[in-house]
Amino acid sequence: MEKDRTKEILRAAVEDYIKTGRPITSEGLYEDHNFGIKPAMIRWELNDLSEAGYFYQNHPSGGRFPSDKAYRFFVEELVRDGLQARYADSEYRNSIMKFLKGEVDSFVEDVSDELRMLSVGYEARKNEMWTSGLYELLENLDLVDKEELVDVVKDFEMLPEKIKSGSWKEEEEWPKVFIGKNPFVRSKEVAVVANCLRVGNENFLFLAIGPKRMDYAKPLELFEILNKSVENN
Numbered sequence: 108m109e110k111d112r113t114k115e116i117l118r119a120a121v122e123d124y125i126k127t128g129r130p131i132t133s134e135g136l137y138e139d140h141n142f143g144i145k146p147a148m149i150r151w152e153l154n155d156l157s158e159a160g161y162f163y164q165n166h167p168s169g170g171r172f173p174s175d176k177a178y179r180f181f182v183e184e185l186v187r188d189g190l191q192a193r194y195a196d197s198e199y200r201n202s203i204m205k206f207l208k209g210e211v212d213s214f215v216e217d218v219s220d221e222l223r224m225l226s227v228g229y230e231a232r233k234n235e236m237w238t239s240g241l242y243e244l245l246e247n248l249d250l251v252d253k254e255e256l257v258d259v260v261k262d263f264e265m266l267p268e269k270i271k272s273g274s275w276k277e278e279e280e281w282p283k284v285f286i287g288k289n290p291f292v293r294s295k296e297v298a299v300v301a302n303c304l305r306v307g308n309e310n311f312l313f314l315a316i317g318p319k320r321m322d323y324a325k326p327l328e329l330f331e332i333l334n335k336s337v338e339n340n
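With my numbering, letter number 15 in the sequence shown gets 122, and the count goes up by one each step, no holes.
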């Protein structure tokens with residue numbers, strides 16, 4: 108993708124969908140953003156982006172929805188441009204202090220409450236795992252049928268096995284966002300923001316699992332603040 112305007116439209120479309128959950132339309136983008144072009148031109152841009160695999164439609168005449176490819180683009184742009192300090196360190200201070208004091212279970216519960224996602228913590232050496240927030244995850248997913256719900260619950264039941272198998276240890280850069288295929292879950296309805304850090308002789312893995320239509324900046328900022336706090340402690 109080369110045109111700056113096309114990237115701007117793609118990023119705005121994904122961000123709007125994350126915020127509202129409403130299908131993406133050229134008219135909606137025209138009303139909410141100033142791209143310097145008319146709705147018909149925006150529609151042509153959306154058509155080109157759809158052909159490139161960034162959007163799909165459930166009905167030919169309906170609005171569009173972001174694909175995994177679009178979400179990945181959005182996250183890459185978010186990280187490349189630098190996370191905006193929308194969430195002050197103080198918002199996470201109490202939670203992070205719990206982790207630094209070794210209260211990992213309380214930290215995991217706090218992360219779930221703050222992010223409204225399924226939160227998972229795993230201490231590799233002791234082979235110990237903590238989870239919190241399955242209800243929050245299920246509540247925020249846009250599940251269509253019973254089969255999708257069953258898939259998410261099965262993923263939760265298989266998490267200990269997936270995490271302890273250790274395939275995620277091959278990753279080198281953290282935090283990391285998994286959209287689509289990943290080492291932790293099979294459900295196509297969720298995304299995973301993962302962080303791995305070393306504290307003394309211990310390796311800790313943390314996961315924030317939520318809908319693909321999540322506010323990706325928030326868990327990424329939380330993990331960034333956590334990593335800096337561990338480095339400075």
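Note that these hints are calculated values from the structure, not bench results.
Misleading hints may appear alongside valid ones.
What the hints assert, rightly or not - Simulated restraints, written as ranges between beta carbons of each label pair:
1. Arg129 to Ala159: 17 to 27 angstroms
2. Phe142 to Asp188: 27 to 37 angstroms
3. Thr127 to Glu184: 48 to 58 angstroms
4. Ala159 to Lys126: 32 to 42 angstroms
Unchecked claim - For lysine-lysine, the following DSSO-like pairs were computed, each having C-alpha atoms within a straight-line distance of at most 30 angstroms:
5. Lys208 to Lys295
6. Lys233 to Lys176
7. Lys145 to Lys283
8. Lys335 to Lys205
9. Lys145 to Lys114
10. Lys233 to Lys261
11. Lys176 to Lys205
12. Lys205 to Lys271
13. Lys253 to Lys205
14. Lys325 to Lys276
15. Lys110 to Lys126
16. Lys110 to Lys335
17. Lys283 to Lys269
18. Lys126 to Lys283
19. Lys208 to Lys253
20. Lys126 to Lys253
21. Lys253 to Lys233
22. Lys233 to Lys126
23. Lys276 to Lys288
24. Lys208 to Lys288
25. Lys253 to Lys295
Beta carbons are placed, not taken as given, at the ideal position from N, Cα and C, and that holds for glycine.
Going down the list of hints, with the structure as the test:
1. Arg129 to Ala159: 17 to 27 angstroms: 22 angstroms, holds
2. Phe142 to Asp188: 27 to 37 angstroms: Cβ of Phe142 to Cβ of Asp188: about 18 angstroms, so the range 27 to 37 angstroms is violated.
3. Thr127 to Glu184: 48 to 58 angstroms: 19 angstroms, violated
4. Ala159 to Lys126: 32 to 42 angstroms: 23 angstroms, violated
5. Lys208 to Lys295: 36 angstroms, violated
6. Lys233 to Lys176: The hint is violated at about 37 angstroms.
7. Lys145 to Lys283: Violated, at about 37 angstroms.
8. Lys335 to Lys205: 15 angstroms, holds
9. Lys145 to Lys114: Satisfied, since the Cα-Cα distance of roughly 17 angstroms is no more than 30 angstroms.
10. Lys233 to Lys261: Satisfied, since the Cα-Cα distance of roughly 25 angstroms is no more than 30 angstroms.
11. Lys176 to Lys205: The hint is violated at about 36 angstroms.
12. Lys205 to Lys271: Given pair Lys205, Lys271 holds - Cα atoms ~24 angstroms apart, limit 30 angstroms.
13. Lys253 to Lys205: Violated, at about 37 angstroms.
14. Lys325 to Lys276: 24 angstroms, holds
15. Lys110 to Lys126: 25 angstroms, holds
16. Lys110 to Lys335: 36 angstroms, violated
17. Lys283 to Lys269: 17 angstroms, holds
18. Lys126 to Lys283: Answer holds: Lys126 to Lys283 is near 22 angstroms, not above 30 angstroms.
19. Lys208 to Lys253: At roughly 41 angstroms apart (the allowed maximum being 30 angstroms), Lys253 and Lys208 break the hint.
20. Lys126 to Lys253: 25 angstroms, holds
21. Lys253 to Lys233: 36 angstroms, violated
22. Lys233 to Lys126: Judged against 30 angstroms, a Cα distance of about 39 angstroms means the pair is violated.
23. Lys276 to Lys288: At roughly 16 angstroms apart (the allowed maximum being 30 angstroms), Lys288 and Lys276 satisfy the hint.
24. Lys208 to Lys288: 34 angstroms, violated
25. Lys253 to Lys295: OK: Lys253 and Lys295 at ~14 angstroms, within 30 angstroms.
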